[in-house]
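Enquirer: Protein sequences appear in the order of chains A and B. Per my numbering, the very first residue in the first sequence carries number 1; after that it's consecutive. Per my numbering, the very first residue in the second sequence carries number 1; after that it's consecutive.
To be clear, the hints were calculated from the coordinates, so they are not data collected in a lab. Beta carbons are placed, not taken as given, at the ideal position from N, Cα and C, and that holds for glycine. Treat the hints with care, as some may be off.
Unchecked claim - In the SDA-like style, the derived pairs of lysine to any residue whose C-alpha atoms are separated by at most 25 Å in a straight line are:
hint, chain 1, residue 1, chain 2, residue 2
1, B, 150, B, 95
2, A, 51, B, 17
3, A, 415, B, 150
4, A, 415, B, 35
5, A, 415, B, 27
6, B, 150, A, 111
7, B, 150, B, 130
8, A, 51, A, 112
9, A, 415, B, 64
What the hints assert, rightly or not - Some chain A residues judged to face chain B by a derived CB distance under 10 Å, without partners named:
hint, residue
10, 18
11, 22
12, 23
13, 44
14, 45
15, 112
16, 114
17, 118
18, 123
19, 218
20, 219
21, 309
To be verified - Non-contacting residues of chain A with respect to chain B, defined by C-beta distances greater than 12 Å in every case (computed):
hint, residue
22, 38
23, 109
24, 115
25, 212
26, 216
27, 306
28, 348
29, 369
30, 403
31, 417
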Amino acid sequence: MTTQAPETASAPLPDVPVSPPPRTGNPWLPTPHGVSLVARIELRRRRPSAKGYVLYGILFAVVIAICLAAAVFAPAQLSSTNFEIVLVMVLGVGMLIAPSLSATSINGDSSEGVLAPLQMTHLTAGDIAFGKLLASWTVSVVALVALSPFLIYTFLTSGWTVVEMLVTVAAVLFVVLAFTAVGLAWSSIAARAVASVSLAHLTTGFFVIGTLIAFGIASLLVTDESPQRDQWIDWDSMTPEAQSALDNAYQTGDFSELDPDDYACVDSDWAYTVTHTDRIAWVLLVNPVVMISETAPIVDPETWEEDGRAAPGVFAGIHSLVSGARLGPEESVDEHVGFDECEQLARDIELAQMSGEEREAMWAEESAEWEDDWIEQQQEQANLDRAPWLGLGVVAALFAGSMWIVVNRLRVPYKNLRSGTRVA
Amino acid sequence: MTITEDAPATTGAIVATGVARSFGDVRAVEDATLAVRRGEVTALIGPNGCGKTTLMLMLSGLLRPHAGTITVAGADPRTDAAAVRAAIGWMPDQLGSWDNLTCLQTLTLVGEAYRIPRATARDRGAALLERVHLSEFADRPARVLSRGQKQRLSLARALVHDPAVLLLDEPANGLDPRSRVDLRVLVRQLAAEGKAVLISSHVLAELDEMVDEAVFMSKGRTLGDQATAMVADARLKYRIDALDPAALHAALTAGNVDFEITDTGAVTRIADESNAAQALAWLIGQGVAVHRFGPVGSALEQTYMAMNEERR
Numbered sequence: 001m002t003t004q005a006p007e008t009a010s011a012p013l014p015d016v017p018v019s020p021p022p023r024t025g026n027p028w029l030p031t032p033h034g035v036s037l038v039a040r041i042e043l044r045r046r047r048p049s050a051k052g053y054v055l056y057g058i059l060f061a062v063v064i065a066i067c068l069a070a071a072v073f074a075p076a077q078l079s080s081t082n083f084e085i086v087l088v089m090v091l092g093v094g095m096l097i098a099p100s101l102s103a104t105s106i107n108g109d110s111s112e113g114v115l116a117p118l119q120m121t122h123l124t125a126g127d128i129a130f131g132k133l134l135a136s137w138t139v140s141v142v143a144l145v146a147l148s149p150f151l152i153y154t155f156l157t158s159g160w161t162v163v164e165m166l167v168t169v170a171a172v173l174f175v176v177l178a179f180t181a182v183g184l185a186w187s188s189i190a191a192r193a194v195a196s197v198s199l200a201h202l203t204t205g206f207f208v209i210g211t212l213i214a215f216g217i218a219s220l221l222v223t224d225e226s227p228q229r230d231q232w233i234d235w236d237s238m239t240p241e242a243q244s245a246l247d248n249a250y251q252t253g254d255f256s257e258l259d260p261d262d263y264a265c266v267d268s269d270w271a272y273t274v275t276h277t278d279r280i281a282w283v284l285l286v287n288p289v290v291m292i293s294e295t296a297p298i299v300d301p302e303t304w305e306e307d308g309r310a311a312p313g314v315f316a317g318i319h320s321l322v323s324g325a326r327l328g329p330e331e332s333v334d335e336h337v338g339f340d341e342c343e344q345l346a347r348d349i350e351l352a353q354m355s356g357e358e359r360e361a362m363w364a365e366e367s368a369e370w371e372d373d374w375i376e377q378q379q380e381q382a383n384l385d386r387a388p389w390l391g392l393g394v395v396a397a398l399f400a401g402s403m404w405i406v407v408n409r410l411r412v413p414y415k416n417l418r419s420g421t422r423v424a
Numbered sequence: 001m002t003i004t005e006d007a008p009a010t011t012g013a014i015v016a017t018g019v020a021r022s023f024g025d026v027r028a029v030e031d032a033t034l035a036v037r038r039g040e041v042t043a044l045i046g047p048n049g050c051g052k053t054t055l056m057l058m059l060s061g062l063l064r065p066h067a068g069t070i071t072v073a074g075a076d077p078r079t080d081a082a083a084v085r086a087a088i089g090w091m092p093d094q095l096g097s098w099d100n101l102t103c104l105q106t107l108t109l110v111g112e113a114y115r116i117p118r119a120t121a122r123d124r125g126a127a128l129l130e131r132v133h134l135s136e137f138a139d140r141p142a143r144v145l146s147r148g149q150k151q152r153l154s155l156a157r158a159l160v161h162d163p164a165v166l167l168l169d170e171p172a173n174g175l176d177p178r179s180r181v182d183l184r185v186l187v188r189q190l191a192a193e194g195k196a197v198l199i200s201s202h203v204l205a206e207l208d209e210m211v212d213e214a215v216f217m218s219k220g221r222t223l224g225d226q227a228t229a230m231v232a233d234a235r236l237k238y239r240i241d242a243l244d245p246a247a248l249h250a251a252l253t254a255g256n257v258d259f260e261i262t263d264t265g266a267v268t269r270i271a272d273e274s275n276a277a278q279a280l281a282w283l284i285g286q287g288v289a290v291h292r293f294g295p296v297g298s299a300l301e302q303t304y305m306a307m308n309e310e311r312r
């Protein structure tokens, strides 16, 4: 049946002999050569089109406008807020764009028919997985580099040290890397790009917003309740004279004419609640934004000027709020002392007997006490040890788990296929 | 046909025995057995959805069979799938190309993925583009290629690492007539270089001139000896048309020749070309006015059609 057609004897074939090395080594571990090759392929393939450049240009212009506005309207003294806004911007852009790119990169390739030819080569599953991760992540690094003039400018007035800046920038990039990996994992699980992109963003949303909602709901579960009894003046049982005298006293603030014996008190029962936020504060620490602010330096609300710091900014504010939750309520349910209006009235009458100076001295002393308490509480919250470790651990686990899934799903020969797909 | 290197001529480059694979409830391949020898072109023929692509995926080391044994270039995809993949040049049925990359970049990067040094991979890519007549597109992005051109790029991609075994899944799809002839020549050349080629196609007339062996598949099963016998038989068939069919039939009956009656003449079996020449001379000597005399047509097509008849 084989006919030696005349065409067979045509001109000598152009041929370049090649001798690829035998395929050796671990079948799935990433290798430097393979990872960089896949990343190069991905970056070249996904070079934006003209429209893409316009979109990125607009996005970049908006970000620059916000940064410029922040710089123009910023007060002259040290302020870390602008710097923190730039960091949050990098985080936001990174967490939106990088997972979007990675979440289409495996199932998209598969439906385009360009994944299997790569799997046929010497590239391992790890090469393809980490190469794609690196390529998507590089986009957010580029965003960071593009914003670096503002980052550096705002850093100079932020009162942070270089090391502190590097630590927090590294934390931002690590969070973006982890969520890029999550996008890649969804892309290796879901058959269709629409599904994997929305699942990737839902995952991001769960950690950024969902943890806050979970904290709110969980706080109901850790709220202790106990019956409390307050004492209130009984208006029904007093004489009309006593009533008008009391009204008069409340209006004028002059309690000197009143007789404590005219007034009786009645009991009023109610439920007193204390929310033990210290038991659920870990939910907040899982939040990647909280984790990043926990890597920021501690700013003391009282001594920041002497410390050479800027006034507490966004991150310090978040740290204080989270610390407040971590410290929990100051008193337990049982320690609460009910309010007694009759006792209060007796004190007011006693005060009315004193001279003006005595009274003022006493008020000053009381309010100073209150203020000291408040400052002490603020300082305690602001200076509480930073707690980024739980968040870092969760992000690291997300990263490792996602990449484990991706490498496993890319290993050939396939045992199972995504339902409704072909190998390609 | 040159048998190169260490492999003995009797050892098939691909040997598959009793291979099966199902997807959920769908039994895509139930029992496939085939052997492809070095230096030969083997066709895999069957209707749509009979499991050809699934079988090729299992042979290529991309998909794990549920049963049966496979050996490709001396390696078992179960234990050493990477070695199997390295030995195979696979041209998938699904056209995929990196749209933003040029043809030459594509081949260079694939070459690098096989750990061929970049400069060598580039030279190899340029030579392969010339071989599939895409040189003029070397520096143009793959997205401007037509379907047939992408098909040729895909073929070049399968050849980047000079594989010992080629699996070509529907390579003739979308090719213009000129490109089909080129493909046929190229496949024969590759076989002559000692490669084992397994090719699936629906263009059976094309395959007839290209392949040494044919494996028929139906409903997930390869039809072994039975189909081979049918192909061998189909190759013997000659169509004889005469101006007066009755006279032809009479002459054949008188000559004690087995034949089947057709509207315009008869179909009979003739062993080879010299026998055919003698038979024609004899018929004319008998005074039969023969106006057409020749092989019935594509042996593969006849077998394929006969197979489909049986299924009805």
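Enquirer: Tell me, which hint numbers fail for this structure?
Expert: Of the numbered hints, 2, 3, 19, 20, 21, 22, 23, 24, 31 do not hold.
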